[in-house]
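Protein chains: 2
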Amino acid sequence: MTRIAIYDTTLRDGSQGEGVNFSLQDKLLITARLDELGVDYVEGGYPLSNPKDTSFFRAVGDLPLKHARVAAFGMTRRRDIAAEDDQGMKALVAARTPVVTIVGKTWDMHVLEVLGVSLAENLRMIGDSIAFCRSHVPEVIYDAEHFFDGFRRNPDYALETIRAAADAGAAWIVLCDTNGGSLPEDVADAVDRVSREIPVPLGIHTHNDGELAVANALSAVRRGARQVQGTINGLGERCGNADLCSVVGNLALKYPGYEVLRPGQLVHLTEVSRFVYETANMNFRPGQPFVGTSAFAHKGGMHVHGVRKNASSYEHIEPETVGNERRVLVSELSGKSNIAEKLAEYGLEHDTSLLARVLDSVQDLENQGYQFEAAEASFVLLVDRLAGRRADWFELLRYNVSVSGKPGRDPLTEASIKLAVGDQVAHTVSEGDGPVNALDGALRKALEPHYPRLGEMSLVDYKVRVINARAGTAARVRVVIESRDGDDVWGTVGVSENVIKASWLALRDAFEYKLAKDSRPCRGGVTEVAADVAS
Amino acid sequence: MTRIAIYDTTLRDGSQGEGVNFSLQDKLLITARLDELGVDYVEGGYPLSNPKDTSFFRAVGDLPLKHARVAAFGMTRRRDIAAEDDQGMKALVAARTPVVTIVGKTWDMHVLEVLGVSLAENLRMIGDSIAFCRSHVPEVIYDAEHFFDGFRRNPDYALETIRAAADAGAAWIVLCDTNGGSLPEDVADAVDRVSREIPVPLGIHTHNDGELAVANALSAVRRGARQVQGTINGLGERCGNADLCSVVGNLALKYPGYEVLRPGQLVHLTEVSRFVYETANMNFRPGQPFVGTSAFAHKGGMHVHGVRKNASSYEHIEPETVGNERRVLVSELSGKSNIAEKLAEYGLEHDTSLLARVLDSVQDLENQGYQFEAAEASFVLLVDRLAGRRADWFELLRYNVSVSGKPGRDPLTEASIKLAVGDQVAHTVSEGDGPVNALDGALRKALEPHYPRLGEMSLVDYKVRVINARAGTAARVRVVIESRDGDDVWGTVGVSENVIKASWLALRDAFEYKLAKDSRPCRGGVTEVAADVAS
Chain V
1 MTRIAIYDTT LRDGSQGEGV NFSLQDKLLI TARLDELGVD YVEGGYPLSN PKDTSFFRAV
61 GDLPLKHARV AAFGMTRRRD IAAEDDQGMK ALVAARTPVV TIVGKTWDMH VLEVLGVSLA
121 ENLRMIGDSI AFCRSHVPEV IYDAEHFFDG FRRNPDYALE TIRAAADAGA AWIVLCDTNG
181 GSLPEDVADA VDRVSREIPV PLGIHTHNDG ELAVANALSA VRRGARQVQG TINGLGERCG
241 NADLCSVVGN LALKYPGYEV LRPGQLVHLT EVSRFVYETA NMNFRPGQPF VGTSAFAHKG
301 GMHVHGVRKN ASSYEHIEPE TVGNERRVLV SELSGKSNIA EKLAEYGLEH DTSLLARVLD
361 SVQDLENQGY QFEAAEASFV LLVDRLAGRR ADWFELLRYN VSVSGKPGRD PLTEASIKLA
421 VGDQVAHTVS EGDGPVNALD GALRKALEPH YPRLGEMSLV DYKVRVINAR AGTAARVRVV
481 IESRDGDDVW GTVGVSENVI KASWLALRDA FEYKLAKDSR PCRGGVTEVA ADVAS
Chain A
1 MTRIAIYDTT LRDGSQGEGV NFSLQDKLLI TARLDELGVD YVEGGYPLSN PKDTSFFRAV
61 GDLPLKHARV AAFGMTRRRD IAAEDDQGMK ALVAARTPVV TIVGKTWDMH VLEVLGVSLA
121 ENLRMIGDSI AFCRSHVPEV IYDAEHFFDG FRRNPDYALE TIRAAADAGA AWIVLCDTNG
181 GSLPEDVADA VDRVSREIPV PLGIHTHNDG ELAVANALSA VRRGARQVQG TINGLGERCG
241 NADLCSVVGN LALKYPGYEV LRPGQLVHLT EVSRFVYETA NMNFRPGQPF VGTSAFAHKG
301 GMHVHGVRKN ASSYEHIEPE TVGNERRVLV SELSGKSNIA EKLAEYGLEH DTSLLARVLD
361 SVQDLENQGY QFEAAEASFV LLVDRLAGRR ADWFELLRYN VSVSGKPGRD PLTEASIKLA
421 VGDQVAHTVS EGDGPVNALD GALRKALEPH YPRLGEMSLV DYKVRVINAR AGTAARVRVV
481 IESRDGDDVW GTVGVSENVI KASWLALRDA FEYKLAKDSR PCRGGVTEVA ADVAS
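The listed protein sequences correspond, in order, to chains V and A.
Under the UniProt record's numbering, think of the first position of the first sequence as 1, with each following residue one higher.
Under the UniProt record's numbering, think of the first position of the second sequence as 1, with each following residue one higher.
Errors might be hidden in some of the hints.
As the list claims (entries may be wrong) - Below, a list of computed lysine-lysine pairs in the BS3-like style, where the Cα atoms sit at most 25 angstroms apart:
1. V:K418 - V:K406
2. A:K406 - A:K418
3. A:K406 - A:K309
4. A:K406 - V:K418
5. A:K309 - V:K406
6. A:K90 - A:K52
7. A:K309 - A:K254
8. A:K406 - V:K445
9. V:K406 - A:K418
10. V:K90 - V:K342
11. A:K406 - A:K445
As the list claims (entries may be wrong) - With the C-beta cut set under 10 angstroms, the calculated list includes, among others, these residues of chain A facing chain V:
12. F57
13. V214
14. D423
What the hints assert, rightly or not - Partial list, derived from the structure: chain V residues whose beta carbon lies under 10 angstroms from chain A:
15. D149
16. R222
17. G224
18. V401
Treat the hints as calculated values from the structure; they're not laboratory data.
Glycine included, C-beta positions come from ideal geometry on N, C-alpha and C.
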């Protein structure tokens with residue numbers, strides 16, 4: 001088996017995509033998921049470009065990664081300056097990652113016209129930058145920007161640039177189809193030529209402008225490239241980067257000779273894809289190959305009939321191999337096996353009758369627009385409710401939110417809430433910066449006297465998305481709230497036509513989860529509730 | 001030049017896609033557009049399958065088509081029956097199209113297990129069906145279902161099936177990758193073998209389950225296929241069919257030896273893509289190659305800088321060749337050059353002083369959390385305000401929103417709004433499914449008596465994002481609203497600590513942009529506001 005290293009650049013090149021924006025917390029969560037999956041390299045960002053990336057590199061060192069190596073990305077040094085005096089170089093080394101990736105110019109037109117330096121100085125910039133990083137960082141990867149375009153126009157110079165990188169100690173030379181317009185046969189020819197001339201392992205980095213990013217990556221691998229760079233869901237500028245979901249799906253399932261990811265992790269591909277969409281607050285692309293919600297959906301009567309008789313009739317792979325599933329007619333995102341797996345993962349005790357009730361309930365909620373990928377705390381609470389294990393921490397009697405605004409002033413926002421807590425009634429009111437903040441304030445006032453540990457908890461993120469965009473503001477909205485305390489971060493979800501009600505539902509689950517979690521004898525297993533907590 | 005025939009099956013295979021549904025009128029309009037573009041074949045439907053398709057074939061005969069030939073689609077005759085007695089065959093001939101396309105089984109497993117007939121009877125079904133249609137219809141095309149899967153398992157039988165079609169008089173043999181899982185190298189090998197053995201022109205029909213539909217189509221063409229089947233925008237079951245926009249874009253612009261479409265029509269590709277989305281009432285896919293709204297959008301500062309020096313720096317083709325356009329995204333990464341480009345793109349008149357004020361203002365707003373990349377209408381209004389060109393359509397005096405909820409009931413939501421419109425005061429109130437819906441309702445009540453064309457406009461999407469996730473619900477939120485009327489789709493943005501205020505700001509811009517746009521003398525150029533509009 002030949003291992004193909006997967007280099008994920010969702011957090012760097014992917015974030016160049018229109019509308020893509022990750023918070024620091026998002027980036028750390030995604031890194032952990034990619035590591036779990038068995039991605040070999042996670043490119044975290046561009047240390048010089050913004051303070052968020054700098055904080056990321058500081059924080060990522062504390063993540064207990066099992067497999068992935070984190071890479072910091074930067075450009076070659078500026079012209080006419082020593083590498084050690086260059087801000088960018090210094091920032092790269094200061095990121096203290098095990099891997100640094102440096103991008104440099106291959107295409108003579110770019111060197112002369114865009115960069116405005118001589119062809120010789122560009123070679124020195126490449127060599128110096130790599131040599132400098134090599135003296136501080138164990139593994140330096142060289143990304144040859146516009147390799148295929150440059151190679152087509154001036155193959156000799158293109159080869160000189162990567163020879164400069166190889167000579168200076170680059171561990172990998174990655175050939176980039178930066179403009180995304182190359183054809184698979186051109187990629188194959190170029191990789192052939194380079195592998196004959198350069199004695200360093202090759203990688204491939206493609207973009208999808210010709211809708212050929214995946215084909216181009218596979219074409220390079222067939223000619224000997226051993227690393228593929230891309231992004232989850234193909235996020236990225238313009239038409240995006242090669243979608244790693246498709247790259248990995250094809251390499252793992254269509255080519256018996258290649259090995260990717262950690263063993264047994266391919267079944268989590270769909271989950272990671274959806275997690276990234278949720279985290280980026282983007283809608284799934286239903287028709288996305290391998291992981292899309294429609295990828296194994298059958299509408300045509302003949303196809304449904306065929307699939308029933310023999311699944312391979314109209315399916316190129318078994319959907320379960322990538323954690324996806326077949327759908328016939330109505331949407332059923334979660335199958336029984338997913339749910340069973342999920343229950344096991346959380347150590348939630350269950351019998352077959354509970355499993356069936358959870359499945360029914362999840363399908364029903366998903367039809368209403370719920371999604372539990374980024375809201376597993378709500379899932380855990382749901383299971384507890386269905387199992388009759390839910391403690392009555394509090395019960396809503398009524399809430400009211402009002403906002404009034406005038407031009408040039410902050411609006412006035414007030415929320416009141418009336419709850420039963422045990423046999424007492426709490427009726428509280430709070431102002432806030434906005435309706436959720438005001439509701440949060442009123443809820444704390446009502447509950448903290450009974451449950452002081454709620455003071456440890458805070459809300460860290462709040463996301464709203466319209467589910468059926470067709471109907472505009474009258475459509476349903478899904479609110480996802482991320483909360484944390486000293487130990488954990490958890491997501492909860494609410495769905496309603498009304499954003500305030502959806503927020504309330506997610507907020508209620510956020511508080512309930514904190515209460516449930518603190519009362520569990522051990523983390524992960526929801527068993528019985530300590531009787532003295534609600535006193 | 002070798003002509004590659006383009007066979008569009010948007011109206012048949014495309015309509016198998018999840019959520020795709022065309023009315024009879026839609027189908028006729030799309031046929032006319034495809035004809036104008038120079039598509040060679042338009043497959044209109046499946047005469048036996050539903051009455052709409054039957055009506056389509058009746059009506060399409062009256063369209064004055066310039067170039068395209070309309071095809072009716074059907075399966076081979078049923079088992080053990082003469083072709084002339086088969087309902088499907090009769091319906092195909094009755095469609096009176098110049099072309100009939102018949103699909104038949106190639107894969108022995110399908111013949112035996114799914115169809116349940118003998119291998120010999122399947123060959124007779126193919127031959128009889130084609131011979132019967134040939135006796136009534138000038139051109140009969142044979143679609144070999146599951147060709148590549150069948151060929152891999154039992155190449156001899158697969159070849160026998162298409163030989164039966166060729167012997168019976170098929171004008172084309174189209175090799176179908178029905179399950180969409182084949183690899184380009186397998187397609188190339190199979191096409192090589194078939195073209196050596198079968199003396200009939202070949203076509204290729206691919207699906208995108210491995211994200212290789214376009215690559216597979218191109219691979220077949222390079223080995224001698226002369227017809228490509230696909231759909232506009234890649235509509236179709238599961239992951240869709242080969243996107244003809246990408247197939248045509250690549251064939252026309254990357255391969256000098258091939259000719260497609262009518263001369264000079266490639267510039268209408270983007271328009272046809274969007275027309276099909278609009279007609280199908282589907283959202284555009286921004287990152288779609290060649291024709292997507294982000295396909296030539298630049299965000300990274302380095303890329304914007306490069307594109308301005310030389311467009312080929314970061315663009316694989318000139319966007320104008322396919323009727324698309326370059327966009328510079330106004331984002332946190334943007335500098336003065338981006339803003340200047342944006343002003344030019346919108347034909348917004350400006351001098352250096354206005355440019356400087358816009359830049360200051362954008363930077364200030366971006367620091368507050370604004371992002372204009374999905375909200376260019378708000379950017380246009382901002383420039384107009386800074387230039388003193390903003391018309392006073394209406395002025396907010398006050399709004400109030402209240403939501404009250406009880407368990408198990410829909411919350412009650414009410415918004416009131418007080419506006420000055422010219423010298424009148426409008427004070428209106430509305431209920432709604434949620435606060436934005438209620439505000440939208442109250443705003444319409446207040447403004448529609450003055451500006452009736454607001455009735456053309458509706459909200460299509462609403463997104464909320466917390467900007468600085470660290471501070472939880474007390475952080476700022478960014479609301480982006482997407483609106484549309486018959487002609488355009490536009491995005492607006494609002495930022496505040498309060499989601500209701502942020503929604504109000506985005507909603508206000510959405511309405512103002514509609515009013516401003518309708519009063520402009522020409523589309524795209526915001527110049528002066530016609531004085532009589534507000535009367």
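Sort out which numbered hints this structure fails and list those numbers smallest first.
-> 1, 2, 3, 5, 10, 11, 12, 14, 17
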